[in-house]
Amino acid sequence: MSLTQIRQGSLVLVDAARVQSRGALYVAQARIRQMMKWIWLILGIAIANPILYLISVGIGLGGLIDKSVGPAGVDGVKYLTFLAPALLAQAAIQGTMDETVFPTIEGFKWHKTFYSMNSTPLSGVQISYGVFLTALFRAFYTVVLYFGVMWAFGALESPRAWLAIPTAVFAGASFGALMQALAARLEDENIFFVVLGRFVMMPLFMFSGTFFPLTSMPFFLQWIGWISPLWHATELGRHLTYGHAISPTMLWVHFIFLGVMLVVGLFFSARIFTKRLAK
Amino acid sequence: MSNPLISARGLTKKFGDFTAVNGIDFDVYKGESFGFLGPNGAGKSTAMRIIGATSQRTSGTISILGKDPELHGPQIRAHLGVVPQQDNLDMQLSVAENLYIYGRYFGLSRKFVKGKVDELLAFAQLEEKRDAKVENLSGGMKRRLTIARALVSEPEILMLDEPTTGLDPQARHILWDRLFRLKEQGVTLLITTHFMDEAEQLCDRLIVMDKGSIMAEGSPASLIKNYATKEVLEIRFGSDRNQEMGAKLRTMCERIEELPDRVLMYTEDGEALLEKIYAADFHPKTSLVRRSSLEDVFLRLTGRTLIE
Amino acid sequence: MAVAIAEKRVGKLGERVYSGRVPQLLERGFIAFKSSTYMIVISGFLEPVLYLLSFGYGIGKLLPTITVGSETIKYAAFIAPALLATSAMNGAIYDSTMNVFFKLNHDRIYHGMLATSMGPLDVALGEIGWALLRGFSYACAFMAVIAPLGLVESVWGLLAIPAAVLIAFGFASCGMAVTSYMKSFQQLEIVNMFLLPMFLFSGSFYPISVFPQWLQFTVNLMPLTHAINLVRGLCLGHINMALLGHALYFVVMIVFGLIFTTKRLNALFMK
Chain W
1 MSLTQIRQGS
11 LVLVDAARVQ
21 SRGALYVAQA
31 RIRQMMKWIW
41 LILGIAIANP
51 ILYLISVGIG
61 LGGLIDKSVG
71 PAGVDGVKYL
81 TFLAPALLAQ
91 AAIQGTMDET
101 VFPTIEGFKW
111 HKTFYSMNST
121 PLSGVQISYG
131 VFLTALFRAF
141 YTVVLYFGVM
151 WAFGALESPR
161 AWLAIPTAVF
171 AGASFGALMQ
181 ALAARLEDEN
191 IFFVVLGRFV
201 MMPLFMFSGT
211 FFPLTSMPFF
221 LQWIGWISPL
231 WHATELGRHL
241 TYGHAISPTM
251 LWVHFIFLGV
261 MLVVGLFFSA
271 RIFTKRLAK
Chain R
1 MSNPLISARG
11 LTKKFGDFTA
21 VNGIDFDVYK
31 GESFGFLGPN
41 GAGKSTAMRI
51 IGATSQRTSG
61 TISILGKDPE
71 LHGPQIRAHL
81 GVVPQQDNLD
91 MQLSVAENLY
101 IYGRYFGLSR
111 KFVKGKVDEL
121 LAFAQLEEKR
131 DAKVENLSGG
141 MKRRLTIARA
151 LVSEPEILML
161 DEPTTGLDPQ
171 ARHILWDRLF
181 RLKEQGVTLL
191 ITTHFMDEAE
201 QLCDRLIVMD
211 KGSIMAEGSP
221 ASLIKNYATK
231 EVLEIRFGSD
241 RNQEMGAKLR
251 TMCERIEELP
261 DRVLMYTEDG
271 EALLEKIYAA
281 DFHPKTSLVR
291 RSSLEDVFLR
301 LTGRTLIE
Chain C
1 MAVAIAEKRV
11 GKLGERVYSG
21 RVPQLLERGF
31 IAFKSSTYMI
41 VISGFLEPVL
51 YLLSFGYGIG
61 KLLPTITVGS
71 ETIKYAAFIA
81 PALLATSAMN
91 GAIYDSTMNV
101 FFKLNHDRIY
111 HGMLATSMGP
121 LDVALGEIGW
131 ALLRGFSYAC
141 AFMAVIAPLG
151 LVESVWGLLA
161 IPAAVLIAFG
171 FASCGMAVTS
181 YMKSFQQLEI
191 VNMFLLPMFL
201 FSGSFYPISV
211 FPQWLQFTVN
221 LMPLTHAINL
231 VRGLCLGHIN
241 MALLGHALYF
251 VVMIVFGLIF
261 TTKRLNALFM
271 K
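Chains as they are written, first to last, in full-length UniProt numbering: chain W, 1 to 279; chain R, 1 to 308; chain C, 1 to 271.
Just so you know, not all the hints are guaranteed correct.
Computed list of lysine-lysine pairs in DSSO-like fashion (alpha-carbon distance at most 27 Å, straight line) [unchecked claim]: (1) C:Lys-34 / W:Lys-67; (2) W:Lys-109 / R:Lys-133; (3) W:Lys-37 / C:Lys-183; (4) R:Lys-30 / R:Lys-183.
Which stretches of chain C does chain W cover? Using the computed rule of at least three CB atoms under 8 Å from a CB of chain W, they are [as the list claims (entries may be wrong)]: (5) 63 to 70; (6) 85 to 93; (7) 200 to 207.
Because the hints were derived from the structure by calculation, they are not lab data. Cβ atoms here follow ideal geometry from the backbone N, Cα and C, with glycine treated the same way.
Here chain W stands alone, though its shape is the one from the complex (with noise of 0.2 Å):
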């Protein structure tokens, strides 16, 4: 093809339906991209953190816990085994925020690198699904690696304890999703990551029955728990990593209350996306 022939229009180079049916992967392609000059250190902090945690907390400190709750355990097991998928789910929430915050902000506000993406064929949608698919991808191979240190450790005890993958998984993608939404609307980030980190994810990690159980808790902080996607998904990963109970009802609830946070995070990402692009 020549220059003079595109210039004349009988070439056309770009495809624009293909854009507009693949624009999201190709945004994904990009981010992966930069993901992967840091690859090292996240797999290396995705490893190191769960067998750091499981080491301090799950074996030293759970040995002094099991010997004091005796043979009744904690939920009927070892304290690792009660604390190991909880952190499972809090390492997909953590990697999806991660993917989803950082990038949103950069992308409109660090680098801009969005409105550059918008002046291509892409759309604001598929921008937006773009950074979310990257998020699911990390949040994926965190929690497999996650995974496979629990297993290590002989933290699983069910037999379909491998299904905790997808529900740590969902879990993420819900809350990265509504992260991503906020992200998008935010015009000054430096307050954001102290509110988000101190106000935000740290009750979240300590409320929401990650190290004992949520009702152990006083009444009047267990709501904490009930909003808190770590707290339905470590639900569902403990009865599915070791078998403890929870009824059809609550079952049911658990992944309502996901996927409408996914749902509900994902619309509005895709519209402040727009609108900010459009702005």
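Since chain W is already given, all that's left is putting chains R and C on it; use the hints.
Chains R and C only, in chain W's frame:
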């Protein structure tokens, strides 16, 4: 003339194998406006940082207000106002707070600085932005605030590194106007720039630098007189023919420069030359007669243009 | 006027790097606190309180008491001093890494400061001074929470406040030196890679005697272990010579960190 405020001999700065400033000599006198003109990477900013006592020379001597910056950094900086190439305003503070705290860094009393803040806000035409966050200012406003900030300690020497780079023409003119006022008040100005119009407007005397060395020194007018003709004729024949046509026209003027996009012909009378060219049956696509500038001086000295 | 002030220090020790402007830098901290950073500062107080509420209450139900030596103490009373020490560390590390990194590379505020008659040691001491002030207020506030809950067993516990400042000083002075080597935001993650294991293994949540010998030995080399032992010893009223040893660890860290930081700032700004 009295003793110079700044005096450098054989001033050299190396970063590893790279020589940023290569044995330069210059003197700056009280009340003058002294410029460093050169393209990016000529060593202007490095020279400025040595004068600002925030960079140590590799060899040579330099004295600023009679002191050696290597030994008396804080005391020399007490006399300087520095406007860096890249604004480094305090983003966590408001406009007025930036001025206030900067004065405090010099150890000035609260009372003195508070009075000074009002005066400088007026000078920088930022009174209405007093309580605004720095982040929300336009580029020109940030630049004016940085200059106002440098004046908070009433410095003897104001150093400006590329003061108008990145500003739109209107913002540049406002800034030049402010600098003229300072000059009238007798502040010694040290300016680096790669804009020849800026150097012509602001500098009494300047040195032209390239690759770490001084190529020429003098007032803008004398440099133009010594290194260029009175007028320049700029003609274009289209990007692939300039070179070829330049070769043919060479004998018709004092000096000729063939640039990729145009041919520059140096002469005392541009219009007359243009008529001669038409008479010889050459037909340039466009033509322009202008007075010679520092850009032409630089081209003559280095064979390159200032902005590449 | 500025000149007269700058020349007061002529001939004094360190005149090339220091001109006595720490109060002015603290003043900057206060102005910035009022206009923009108050949320960050206040939220830092929340961290140990959340941990205390979650672990002290929740884990406390599974593990009501813990045995230290011959004494049996409430689980919450065991972790509270550790949380105090850890929050002193976290605050100091945040101030001297994230905060310094942005001022250094993003806003280039130090470049502006060093164009005045200040020297690099002024900047280092000013930043660290602010970190200490924060550490001090966090320690006081946390004390005001745990003392009424009966989690401080001895009046020696009052000394935990200056101890927290000492701990913050040690971490802040070293943290700033480390930050001066950081080139990108992601490299800051490396700091976290050290903090997390330190937090998890230095005896915050249970005595390190549960570990095998080799791990105990390693853990005893880490600064946070000494910080926790120091604060815990004071809060529980276990006063002995070992406490002096823990304090000395931080004195060494402070001296080393200050020299290192000043050298690095000099190299960064005066090159």
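Checked hints:
Distance check on the hinted pair: Lys-34 (chain C) and Lys-67 (chain W) sit about 50 Å apart at the alpha-carbon level, beyond 27 Å; violated. With a CA separation close to 17 Å, the supplied pair Lys-109 (chain W) and Lys-133 (chain R) stays within the 27 Å bound. Distance check on the hinted pair: Lys-37 (chain W) and Lys-183 (chain C) sit about 14 Å apart at the alpha-carbon level, within 27 Å; holds. A C-alpha spacing of about 11 Å is found between Lys-30 (chain R) and Lys-183 (chain R), which places the hinted pair at or below 27 Å, so the restraint holds.
Coverage of the segment 63 to 70 of chain C by chain W holds. Counting CB-CB distances below 8 Å, 3 residues qualify, and the rule asks for three or more. Check result for the segment 85 to 93 of chain C against chain W: violated, 0 residues qualifying (beta carbon to beta carbon below 8 Å, three or more required). Given a C-beta distance limit of less than 8 Å, the hint that chain W covers the segment 200 to 207 of chain C holds, as 4 residues qualify and 3 suffice.
Of the numbered hints listed earlier, those contradicted by the structure are 1 and 6.
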